[in-house]
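Visitor: Here the protein sequences line up with chains A and B, keeping their order.
Taking the working numbering, the leading residue of the first sequence gets 1, the next gets one more, and so forth.
Taking the working numbering, the leading residue of the second sequence gets 1001, the next gets one more, and so forth.
Simulated from the structure, these hints should not be mistaken for laboratory data.
You can trust all of the hints, since none of them are fake.
Covered stretches of chain A, as calculated for chain B (at least 3 residues, CB under 8 Å):
#, segment
1, 293-300
2, 312-321
3, 389-396
4, 564-575
5, 600-606
Being a predicted model, the structure only gives us computed values, none of them experimental.
Glycine residues also receive a C-beta, built at the ideal position from the N, C-alpha and C atoms.
There are 2 protein chains.
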Amino acid sequence: MKAVANAVGLKQTALRDHFWTPYQELVTGTVLPYQEKILNDEIPEAEKSHALANFRIAAGMEEGEFYGMVFQDSDVAKWLEAAAYSLSVHPDAELERRVDEVISIVEKAQQPDGYLDTYFIIKEPEHRWKNLLEGHELYCMGHMMEAAAAYYEATGKTSLLGVAERMTDQIASVFGEGKRFGIPGHEEVEVGLMRMYAVTGQEKYRDLAAYFVNARGTRPEFYVQERDARDFQVFGMDPNERDYNQTYAPVREQTEARGHAVRAVYLYRAMADVAAALGDESLYRACKVLWNDIVTKKMYVTGAIGACGNLESFSKAYDLPPDRAYAETCAQVGMVFWAKSMLDIEARGEYADVMELCLYNSTISGMQLDGKHFFYVNPLEVNPGFSGEIFGMRHVLPERPGWYQCACCPPNLARMILSLGKYCWSESADTIYAHLMIGQKASLSLADIEVESAYPWEGSVSYKVTPKKDASFTLAIHIPGYVGAKDLNVTCSGERQKPAIKDGYLYLNRTWEAGDEVSLQFPLKVRRLYASARVLAAAGQTALMRGPIVYCFEGVDNGGQLQALALPRSAQIRTVKETEGILKGCVSLAMTGLRDEDEEALYRDEPPACREAALKAIPYCLWGNRGLNQMRVWIREQR
Amino acid sequence: MKAVANAVGLKQTALRDHFWTPYQELVTGTVLPYQEKILNDEIPEAEKSHALANFRIAAGMEEGEFYGMVFQDSDVAKWLEAAAYSLSVHPDAELERRVDEVISIVEKAQQPDGYLDTYFIIKEPEHRWKNLLEGHELYCMGHMMEAAAAYYEATGKTSLLGVAERMTDQIASVFGEGKRFGIPGHEEVEVGLMRMYAVTGQEKYRDLAAYFVNARGTRPEFYVQERDARDFQVFGMDPNERDYNQTYAPVREQTEARGHAVRAVYLYRAMADVAAALGDESLYRACKVLWNDIVTKKMYVTGAIGACGNLESFSKAYDLPPDRAYAETCAQVGMVFWAKSMLDIEARGEYADVMELCLYNSTISGMQLDGKHFFYVNPLEVNPGFSGEIFGMRHVLPERPGWYQCACCPPNLARMILSLGKYCWSESADTIYAHLMIGQKASLSLADIEVESAYPWEGSVSYKVTPKKDASFTLAIHIPGYVGAKDLNVTCSGERQKPAIKDGYLYLNRTWEAGDEVSLQFPLKVRRLYASARVLAAAGQTALMRGPIVYCFEGVDNGGQLQALALPRSAQIRTVKETEGILKGCVSLAMTGLRDEDEEALYRDEPPACREAALKAIPYCLWGNRGLNQMRVWIREQR
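So here's chain A without its partners, still in its complex pose (with noise of 0.2 Å):
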């Protein structure tokens, strides 16, 4: 096996688009400064972090105690990488400036011998590597390697990257083949390996990851072992929770996508990256059988995954309640993360399509648009008085809570807002691989591209070619499965083409000539979404959608009491150009639908009386902006 491509460098891109700029812009204009309070506990209102003072004391900078999360350090790394990204889209030198002075605390923490944990350096120094089910020290040390190949993309600089290899030697020198025993309890660290990989191109970190993947689900089982080995006590999960963190089985045999959805797709993800890089065909195997698993029966229409409100974790196939899901922004993301990561080595359209519906949908709806208050757990639908308050649905709030203790969403959000140049491209010697309709400039090796795109709100995109070296290539746009060849128009600096559509990807094999423009034109229409039978809570319903937008339905808007409406199958659903508030720019959409009267009385032997209504239903990303109320994707609907 082949990976068909490699990624792209955040660096070649450039993005300009009226969907995602403004996102970008937010994250770097307010959430990366308002986290940085946060590691810096300068924020009264805000839940205390104490992340930097953790950092600082195993300096040895300042006196004091370890305080938070067992991961805090994780909340730095997330950041780090995140400010990283920042410095790659939109250069700051006083950023920079306060990014390479954590960096040097960060330095300063790390012990000799390289390990770095502040949690375990300050309070439980003994217990170092003896916890690894539930202590998160390879899941921090991840992040951070994470974080220091992100910094050494944007500025050159090594000083992270160092710390990174110091890390990463400190674990060689204790995990591996012929050295002792151990998988992480939650994945990460392969993944942050990998990123070691790439940007140093030293097999041993790839290696180590593989090692690791390779480890998970083996018997006799670690955990089981490292408790009956542990001479101290701790608090967590059983070792024998196999489902919890995947080692239900070795990954090659595992089959059902099962446990905490965050750690599930981190190790996906992590497969994925494997495989490409050595070319393990059964690894990939295994992965396009978990993702069959989550896509074809675990996943929400809004691409969310994880539906069980107990540990954060898949439930069974076709449970997918809307209004008790879990749905954690951050499983979403590492959704996106694994897409990609699929992307690379097999360019498929179900791949591209999943991480389109992930970005536009069920990630962001985790931010408000003040980048201050942040969504865990993302619910299709809410009931203020129920929601966060009924026994099983405790967990879905009906409102964004401010910056909160567990605080793994909101820089995971950040991270992959600023990222997202790299998820757009993929690259071979021949083929530039085009997934996302993002309007950018971008510098790739075939050739630079400038995408023009109303995408999602409207079906216009333009691809300016002007090619480098060799004009001839191929370029591969990834077209949304939800549109028909039929309706695709694709022009070639006026001409109209022919589409060869495979896999999801429309193949345009010529010989470039500067300027060439490779333009494309598809109605979004809006579809009614209706789900298998199986999805007991979605039965007789739809959930609307329009391109890759998913709708939904508040109160603010239908008058509340949304459970009571209905839409006929018949009805004409118009579309609307927000001109103004926080709609401004985005597309409703506008319909009459039905509404059964409110009858006080619990029960009565007449039917409600029904009567027409205005309905409208907005942007699912964008709920929840527009203070307290009901929301629901789903809406029943009357044939």
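Got chain A; can you put chain B on it based on the hints?
Guide: Chain B in isolation, oriented as in the chain A frame:
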């Protein structure tokens, strides 16, 4: 305030009803003997009970340790009570001999000062009366009082009554005005004391019951004081969980049914009984407010209450999820008891309607027709593969398990079914109130009445009246709330009467002649019930009823995937008299509905294909008697 009527003793009635007599025979023939064996640990495949062994150990008759729940004694008490009713309805010298044997063990276990709780006698004698919050001493003793009253009424024997009198004297010596402040964590002793008052006429029992009722929810808070004074560790509820045990306010100020549903309705029944005995208007007013809160906001269409799967409690108003219901059998049994106490105060149809609804649906649904498997939880929807397995529905079992350790529900059902005669009548100096249409011979103070009933399958009931001393009195017959006045045909000895209905009761005031026969005829139409739009989970759906019977759809009759079914609003529903199998004798419903085809694809943009499907609905109380399969009460309605 004066209660309208007195209760009627069980021995005054002899049921001979085509619906209920088989249930009584099932209980006398199977449930009670089976439970007796369980209490004696003679059923190897059942969970160990040890309940009688605990009494023998406490009595010094054998060596051993206490085993079981802290309230294990109540299993013996409830069995004794049910056995007493059994002897009332079906004399059996051999059973009576065995009951006397058990009573003699109970007598021996009782301490010289009257105290009787085997857990504390055997295990923690030093903690007697020190953990009223969770210790369940008063709960267990309350049940023993009910048993004692029942056995005395059944046999005239005073053995157990003596135990109960010494027990109540012990309680009265410790608690009450001018003595120790205290209230039971699980209400029940109040009811037990009121039963003692009923059979002995001793006001001290009534007054102690009133003390416990009135002390509840007062400040300073008893449970907090108790905890602060306690010098040992206990497990269980936080005393600050004031909703859980109905201490959030003094009982007269409580306006919402909150907390543990069984505890709540036991309290409310006691409040009604105390209100009736003392003519306490404010207490009855509080009962009415709480009644209203439940029946207008917190009751399932089956009559079930206590929707919340956490802490077996009432949920918020209108939160009535069919698939996550708790709806404990005991809570509905308690609702029947409370309804009867309310009826003894005021003959209002709404009380009798709810009593009937619970009796014919959500109480007996708790028992398999083999008499050996029982539901604790009575959901309105089960989906095998999800119910009992998914987070938030682990408590919702799709099949009745065998006897279980916390065996409160089976004996509660047994005593309700055997004492049903008591719930049929109230009587005042000049009026007989007939609450239920159950075939029987009743020997009341004013008259003997022979009831012939085709209910609940047909709307046809007759009352043959033989007056006693004074032939001039009123017969007041409850007319179910769903019967329209114009649909009711009443004859008295063949002569058409003009129905005079007030508050749900038909009042027939005349001078009766021996053999006068009142005959009621009314059509039992199939009704479609609709829930308020505020009940999120029932929006767009309908439930079927005929007479007092709620219907449900089971997979075995309807080909599975019940969520894919819809019932057109225009569909005719036919009644079918069943002649075979477990449904024999009952009326099922047949109709032509619609079924969405199963599609494997998780999502698609074509509406599901739909075809006509023959549907069958069976009485809800009979579900789960034909193997593991799907069930639902609410079905999507197609307009």
